[in-house]
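Chemist: Start from the sequences, fold in the hints, and give me the full structure.
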Amino acid sequence: MVALVGGSGSGKSTVIWLIQRFYDPDQGKVTMGGIDLRDLNVKWLRRQIALVGQEPALFAGSIRENIAFGNPQASWAEIEEAAMEAYIHKFISSLPQGYGTQVGQNGVQLSGGQKQRIAIARAILKRSRVLLLDEASSALDLESEKHVQKALRKVSKQATTVVVAHRLSTIREADMIAVVKDGAVVEYGSHDALLNSHLNGVYAGLVRAETEATAFA
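All residue numbers for the sequence shown refer to the UniProt record's numbering, where the first residue is 1 and numbers rise by one.
Just so you know, these hints were derived from the structure itself, not from any lab.
Bear in mind that the values here come from a model prediction, so they are computed numbers and not experimental data.
Treat the hints with care, since some could be wrong.
As the list claims (entries may be wrong) - With a straight-line Cα cutoff of 27 Å, these simulated DSS-like cross-link-like pairs (lysine-lysine) come out:
hint, residue 1, residue 2
1, Lys29, Lys157
2, Lys157, Lys146
3, Lys150, Lys90
4, Lys90, Lys146
5, Lys157, Lys43
6, Lys157, Lys90
7, Lys29, Lys43
8, Lys181, Lys90
9, Lys29, Lys181
Modeler: This is how it looks when you write it as structure tokens:
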């Protein structure tokens, strides 16, 4: 798992777009398995990717259909298991129509946190080669986020995972952390390595700021 951190407008989300080839880099290249993404079929590439963003894309259909969208051959048991791992099964089961509940266009019937958890369940079920999480838990409360992060760590062991997170506490266990500033990676290493070798660095400053904000909250 690689985490991208940095201030607003630093270029974190641009990396997510580059991986999906919505943009191509002006300089350098982005590779998958050593192959330049520009040499791959775009449709094939995007089928290998599961994305969960701040505003998940849900379509007018049932909750079950939305979860199974990336893996329509999934069994009922697999859909429920993905929902459990995304910490949304209990909520779905409490609804009169359960998994058959219609979410409305863009999930209008659901809260932001509920939409994110359904999108996370879909990403878990898809079992893609690449998992992109762009502020994927921004609408979750701390308790829900704790459970979801546990599930995502499990998924990340089977997929190349890139995470953009607003809470640094959620990415401390990432294998590597890339600190982005003004469109460039200025620091790169594990959580401990960055704190130990860059005491006055950008990442250390972000950690201190979050710690202070939490203390005074």
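Chemist: Tell me the numbers of any earlier hints that the structure contravenes, in ascending order.
Modeler: Hint 8 is the one this structure does not satisfy, whereas the remaining hints hold.
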